[in-house]
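Chains as they are written, first to last, in this note's numbering: chain U, 2 to 490; chain B, 880 to 1195.
Because the hints were derived from the structure by calculation, they are not lab data.
Heads up, a few of these hints could be off.
As the list claims (entries may be wrong) - Here are the simulated lysine to any residue pairs, SDA-like style, with alpha carbons at most 25 Å apart:
{"hint": "1", "chain 1": "U", "residue 1": "246", "chain 2": "B", "residue 2": "1001"}
{"hint": "2", "chain 1": "U", "residue 1": "398", "chain 2": "B", "residue 2": "987"}
{"hint": "3", "chain 1": "U", "residue 1": "157", "chain 2": "U", "residue 2": "310"}
{"hint": "4", "chain 1": "U", "residue 1": "21", "chain 2": "B", "residue 2": "893"}
{"hint": "5", "chain 1": "U", "residue 1": "398", "chain 2": "B", "residue 2": "883"}
{"hint": "6", "chain 1": "U", "residue 1": "157", "chain 2": "U", "residue 2": "179"}
{"hint": "7", "chain 1": "U", "residue 1": "21", "chain 2": "B", "residue 2": "1001"}
Claimed, not checked - Residues from chain U that keep clear of chain B, each with C-beta distances beyond 12 Å, as calculated:
{"hint": "8", "residue": "61"}
{"hint": "9", "residue": "321"}
{"hint": "10", "residue": "357"}
Computed from a predicted model, the values in this text were never measured in an experiment.
All C-beta atoms, glycine included, are put in the ideal place defined by N, C-alpha and C.
Read off the chains here:
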Amino acid sequence: MNLVDSIAPEGPPKPELYEKRKGVYPKAVDGNFRRLKWAIMVVTLGIYYITPWIRWDRGPYAPDQAVLVDLAGRRFYMFGIEIWPHEFYYVAGLLIMAGIGLFLVTSSFGRAWCGYACPQTVWTDLFQHVERWVDGDRNAQIRLEKEPWTAKKMAKRGTKWTIWLLIAMATGGAWIFYFADAPTLFGQLFAGEAPFVAYATIGVLTFTTFTLGGFMREQVCIYMCPWPRIQTAMMDEKSLTVTYKDWRGEPRSHGIKRAEENPGVFGDCIDCNQCVAVCPTGIDIREGPQIGCITCALCIDACDKVMDQVGRPRGLIDYATLEGAEIEQAGGTPPTLKRTVFRPRALLYFALWAGIGMAMLFAVGTRDRLTINAIQERNPTFVQLSDGDVRNSFDIKIRNMENRPRTMTLTLQGLPGGVMWAGSGSRDQALRAFDITVPADQLLSTRVFVAAPREGDPREDFGFSVTAPGGEEDETALEPARFTRPGAE
Amino acid sequence: MMAETENDNGKRVDEPTGTDFVGHEWDGIEELDTPLPRWWLIIFYATVIWGLGYTVFYPAWPLINSATQGVLGYSSRGALAEEMAAVEAQRAPLREAIANIAIEDLPTDQQLMQTAIQGGRSAFVVHCVQCHGSGAAGSEGYPNLNDDDWLWDGDMEAIEYTLIHGIRNPDHIETRISQMPAFGADGIFDDGQISDVVSYVRTLSGAEDESAASARGAELYTANCAICHGENGQGDRTQGAPNLRDSIWLYGADRASITDTVANSRYGVMPRWGHRLDPVTIRMLTAYVWSLGGGEAAPAAAETEEVAEVETDEPG
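The following block holds chain U by itself, in its conformation from the complex (with noise of 0.2 Å):
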């Protein structure tokens, strides 16, 4: 600094190399997007906080929570559906979804997911409200943060910062409870028996809650979150978002009375930056589309406010598509909402989409409850028997994906003359059937031994069949396996 000070003494002041975060005190307002914003606060923190205490009934042998990632047992279970690890691609199946989903929605809407669906928005949007209720709306907000340290500013961040910990700590709170059975948790919590993780995951997620949503805000949209650059990708002409008609505004008349006593030079805009003023990330829409803009479009409920009081028609800020506002400027009437949103790129992303989702829960509806797979011992591929047969190993395992225990029937298919026993027998048991109960739920995992003449094919297919008693009727699952002989190699 001084070096370079002393290079270019008389220069004006360089730009700053770091910038202190300008404080943001959004001011309340009223309108159809605020409450569209209300609403779907209230959808979303409701799902979250309800969905772990809905109750599903799954039979004695299975957790009765509605939605439960159990990672100790290893399953997800989601109201009737219930998911083991080798089926996770559904999950897969899932986010491909989810993908493409946000493609059909920022396509068409923008940054709808920005501006009312994502959790930063709705807890910043959330703290903002306790904010104004402590300390006041926007001008109450900006006169305190300019007193000095009181007793009683003293005791408004006291309150405040009390409600969002509280707040903060609900929030983790409820995370965990998707991972154990919620009332059980609940009542460990405070008995201080519950798991280390579940306090350390409650602390994280506190902390973050507060931070993020109380101080970082509008700077975790900005420096943070990738989305918003992924998102300007997916956008077109035919995109929505929120617009500042500049045509229409400029130039500002800086005041009602100025444009009254002026007619026919000034436009719409009279500058009285409402719409700065209501912006949760503090940013001036008339500047144009920017990363700071979220479009949760309280800006419009402002303006529409504005216009309304000056008489003049609503929309100067506006949801509006490129295409839409270009049409508009020149004098035409822009597509409606109906056109804008069934265009055939969001018809073709909502046909993927569905056609994924369909496939899915077809896939779910006709999955199989039962499995078996046989693998073979290769060391050694087979043994000679001391009267002359020849015996193969084989790893079974029996997944009863049903929330019961059943008692099955494992049976050799084909394998003229084998018979088989388990590993835990001996020969003079050996069957071609014999029966097994596999717990509820549960992989059974079993050695079985086949033996089998000497004499045959080296290598000869055969197969096992598992028949377990279903509701209507039985339900068998088959797996090829192959007999090895000495000559194989």
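Add chain B to chain U, keeping to what the hints say.
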């Protein structure tokens, strides 16, 4: 083209944001000299402090022959030792239970048996694969432990005894020992007699049809071999004499191999493990070998239960 103006200093300024251009341009996009947020700087400094603190608390700075130790006294080797000790402590009750149960009752305790088999498999690949092969399938002269043929009995107790004392192990009095005479080398049989006996022995397992030679061999067998291998060639496990009627031949079933055996005898040696492995490891090895498919019930015929491994899912 971007909207731009010039500031008092003659620098180009981006009009919408009022920020200087840096001067870098790529494909029509220019970089703006936007200041970083201050919190970023604070976090950067905090990270640097954290990093420096880390090097104080944990081993970090390389010196010529070693590195700084860190004030917490942490080392990855020490952490491993701690983890190993914790695992050992966790296993101690199971190991103790395996040591205390009567060996023939081990298969009736599902949990202990599973633990023993797993531990035995680990010990097997360290100590036994050199002779018996990684799958315990053996090779010529080294028994296949998967089959149902046992020279010295196949129940848990017998297998444990073999493991502890070895077979024909010269250092120990209690080792399993027997010696077949070298009928050719010791001059008991001449070459023709050996050939006759071989013919007879091969008829026992059905490898050869009866003939005049085998009839002559039968007489020689009754006089010289039946005392160990039994009247009918069924063998004798009390002295490790192989069953000659079955399909399993440790040294090969062809004429040349059997001729060599009769003429020069065989002397398979297995080391004793009693003084090299602890008793629990030997029990675990016993359980593993017993479970390979040839395990027999003790003469008292202890009933064994189903032993099936129940997992929640495949490993890995």
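12 Å Cβ clearance of residue 61 of chain U from chain B: 18 Å, holds
Are the Cα positions of residue 398 of chain U and residue 883 of chain B separated by 25 Å at most? 70 Å, violated
Grab the minimum beta-carbon distance between residue 357 of chain U and chain B and tell me whether it stays above 12 Å. 26 Å, holds
Check the hint pairing residue 21 of chain U with residue 1001 of chain B against an upper bound of 25 Å on the C-alpha distance. 62 Å, violated
For the pair supplied as a hint, residue 157 of chain U and residue 310 of chain U, is the alpha-carbon distance within the 25 Å limit? 35 Å, violated
Restraint check for residue 398 of chain U with residue 987 of chain B, where alpha carbons must lie at most 25 Å apart: 22 Å, holds
Has the given pair, residue 21 of chain U with residue 893 of chain B, been kept, meaning a C-alpha gap of at most 25 Å? 21 Å, holds
Given the hint that residue 246 of chain U pairs with residue 1001 of chain B, test it: the Cα-Cα distance must not exceed 25 Å. With a Cα-Cα distance of about 76 Å, the restraint between residue 246 of chain U and residue 1001 of chain B is violated, given a limit of 25 Å.
Given as non-interface: residue 321 of chain U, partner chain B, CB spacing beyond 12 Å: Given that every Cβ of chain B is farther than 12 Å from that of residue 321 of chain U, nearest at about 19 Å, it holds.
Below or equal to 25 Å on CA atoms is what counts here, so check residue 157 of chain U against residue 179 of chain U. 34 Å, violated
Hints 1, 3, 5, 6 and 7, counting from the list given before, are not met by this structure.
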